[in-house]
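Chemist: Sequence:
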Amino acid sequence: MSNRSSKGLAVVRNSSEEEGMKARILCFAGSTREASFNRRLARAAARAVEEAGGEATLMDLRDHPLPLYDGDLEASAGLPLGVRPLKELFKTHHGLFIASPEYNGSMSAVLKNTLDWVSRPTSDEAGTVPYADKVVALCAASPGALGGLRGLVHLRAVLQSVGALVLSEQLAVGSAASAFTVEDRLADARLQQMLDRTAARLVDVAGRLRP
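According to our numbering, the residues represented by the sequence shown are 2 to 212, in order.
Don't take each hint at face value.
Stated by the list, open to error - Each computed SDA-like pair below joins lysine to any residue, with the alpha-carbon atoms no more than 20 angstroms apart:
| hint | residue 1 | residue 2 |
| --- | --- | --- |
| 1 | 88 | 121 |
| 2 | 113 | 71 |
| 3 | 92 | 208 |
| 4 | 113 | 163 |
| 5 | 113 | 158 |
| 6 | 113 | 63 |
| 7 | 113 | 159 |
| 8 | 113 | 86 |
| 9 | 92 | 133 |
| 10 | 88 | 117 |
| 11 | 113 | 33 |
| 12 | 113 | 155 |
| 13 | 113 | 66 |
| 14 | 88 | 160 |
| 15 | 113 | 80 |
| 16 | 92 | 127 |
| 17 | 113 | 129 |
| 18 | 92 | 67 |
| 19 | 92 | 211 |
| 20 | 113 | 127 |
| 21 | 88 | 75 |
| 22 | 88 | 114 |
| 23 | 92 | 210 |
| 24 | 88 | 125 |
| 25 | 92 | 212 |
| 26 | 113 | 151 |
| 27 | 88 | 166 |
| 28 | 88 | 159 |
| 29 | 92 | 114 |
| 30 | 113 | 85 |
| 31 | 113 | 35 |
| 32 | 113 | 73 |
| 33 | 92 | 125 |
| 34 | 88 | 105 |
Note that these hints are calculated values from the structure, not bench results. Note that the structure is a prediction, hence the values are computed from the model and not measured.
Could you build all of it, start to finish, from the sequences and the hints given here?
Modeler: Given below as structure tokens:
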């Protein structure tokens, strides 16, 4: 396994497989908080993707700050500079693995804002292109007993509305303060197995559907 960092992106690779044969999965958390449980879950998801034979790119939304979506701003100045690199990241990966915190029963504002900007059209491309037939797996972590499950309902609906294929497999990790090992694995063997199965399913389906 090797790591390569570029603009805050850590690429986790499995050297036992041919580079061109692996499904590329973009993993990220819908949180920019330093101590975010979902950032830890995104790291665990990236590791699980790698162990399932995929190529995991771990993205940090702190490296991709965007203004709050504003139609007047878009009309007068076009897309903010940070949007096109995000669009390219989405388009150059076969799947997404999103760890989403639950805010008042929904997704975080920073995650919704990111998804909205990525969905905006350009002069030569429809807004749904970065999401078209993209395979997505969802997970969440929360201090509460439900593990952020309610927020995934809204996130699933948003992603499906822009053309993504969201897997039925998902994971919600409750009591998140004590849910992780120091290596950012899940301490509960059953939950770790669920994460591994979800990652394996994502790698398999994304690999089958990639262009």
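Chemist: Evaluate each hint against the coordinates.
Modeler: Here is what the structure says about each hint:
For a cut-off of 20 angstroms, the pair hint linking residue 88 to residue 121 stands: about 9 angstroms separates their Cα positions. For the hint linking residue 113 to residue 71, the alpha-carbon distance of about 13 angstroms falls within 20 angstroms, and the restraint holds. The suggested pairing of residue 92 with residue 208 holds, with an alpha-carbon distance near 14 angstroms, which does not exceed 20 angstroms. Among the hinted pairs, residue 113 with residue 163 is consistent with the structure: their alpha-carbon atoms are about 13 angstroms apart, no more than 20 angstroms.
Using a Cα cut-off of 20 angstroms, the hinted pair residue 113 and residue 158 holds, with the two alpha carbons roughly 12 angstroms apart. Of the supplied pair hints, the one linking residue 113 and residue 63 holds, its CA atoms being roughly 14 angstroms apart against a limit of 20 angstroms. Using a Cα cut-off of 20 angstroms, the hinted pair residue 113 and residue 159 holds, with the two alpha carbons roughly 9 angstroms apart. About 17 angstroms separates the Cα atoms of residue 113 and residue 86, which keeps this hinted pair within 20 angstroms; it holds.
This hinted pair checks out: residue 92 and residue 133 have alpha carbons roughly 9 angstroms apart, not beyond 20 angstroms. This hinted pair checks out: residue 88 and residue 117 have alpha carbons roughly 11 angstroms apart, not beyond 20 angstroms. Of the supplied pair hints, the one linking residue 113 and residue 33 holds, its CA atoms being roughly 13 angstroms apart against a limit of 20 angstroms. The hinted pair formed by residue 113 and residue 155 meets the criterion: a straight-line CA distance of about 10 angstroms does not exceed 20 angstroms.
Distance restraint check for residue 113 and residue 66: the Cα-Cα separation of roughly 13 angstroms lies within the 20 angstroms cut-off, and the hinted pair is therefore satisfied. Restraint check for residue 88 and residue 160: the C-alpha separation of about 15 angstroms stays at or below 20 angstroms, so the hint holds. For the hint linking residue 113 to residue 80, the alpha-carbon distance of about 16 angstroms falls within 20 angstroms, and the restraint holds. A hinted pair counts as satisfied when its Cα atoms are at most 20 angstroms apart, and residue 92 with residue 127 qualifies at roughly 12 angstroms.
Distance restraint check for residue 113 and residue 129: the Cα-Cα separation of roughly 15 angstroms lies within the 20 angstroms cut-off, and the hinted pair is therefore satisfied. Our distance criterion of 20 angstroms between C-alpha atoms is met by residue 92 and residue 67, whose separation comes to about 18 angstroms. Only pairs whose Cα atoms come within 20 angstroms are accepted, and residue 92 paired with residue 211 is accepted, the gap being roughly 11 angstroms. The hinted pair formed by residue 113 and residue 127 meets the criterion: a straight-line CA distance of about 19 angstroms does not exceed 20 angstroms.
In summary, the hint linking residue 88 to residue 75 is supported, as the alpha carbons are separated by about 16 angstroms, within the 20 angstroms threshold. The straight-line distance between the Cα atoms of residue 88 and residue 114 is roughly 13 angstroms, inside the 20 angstroms bound, and the hint therefore holds. For the suggested pair residue 92 and residue 210, the alpha carbons sit about 14 angstroms apart, so the restraint of at most 20 angstroms is met. Straight-line distance between C-alpha atoms of residue 88 and residue 125 comes to about 13 angstroms, which keeps the hinted pair within the 20 angstroms bound.
Our distance criterion of 20 angstroms between C-alpha atoms is met by residue 92 and residue 212, whose separation comes to about 11 angstroms. Only pairs whose Cα atoms come within 20 angstroms are accepted, and residue 113 paired with residue 151 is accepted, the gap being roughly 15 angstroms. A threshold of 20 angstroms between alpha carbons decides the hint, and for residue 88 with residue 166 the separation of about 17 angstroms falls inside it, so the pair holds. This hinted pair checks out: residue 88 and residue 159 have alpha carbons roughly 17 angstroms apart, not beyond 20 angstroms.
Note on residue 92 and residue 114: the hinted pairing holds, with a Cα-Cα distance of about 18 angstroms set against a maximum of 20 angstroms. At roughly 17 angstroms between alpha-carbon atoms, residue 113 and residue 85 fall within 20 angstroms of each other, so this suggested pair holds. A threshold of 20 angstroms between alpha carbons decides the hint, and for residue 113 with residue 35 the separation of about 19 angstroms falls inside it, so the pair holds. For the hint linking residue 113 to residue 73, the alpha-carbon distance of about 18 angstroms falls within 20 angstroms, and the restraint holds.
Using a Cα cut-off of 20 angstroms, the hinted pair residue 92 and residue 125 holds, with the two alpha carbons roughly 14 angstroms apart. Proximity of residue 88 to residue 105 is assessed by CA-CA distance (about 28 angstroms); at most 20 angstroms being required, the pair is judged violated.
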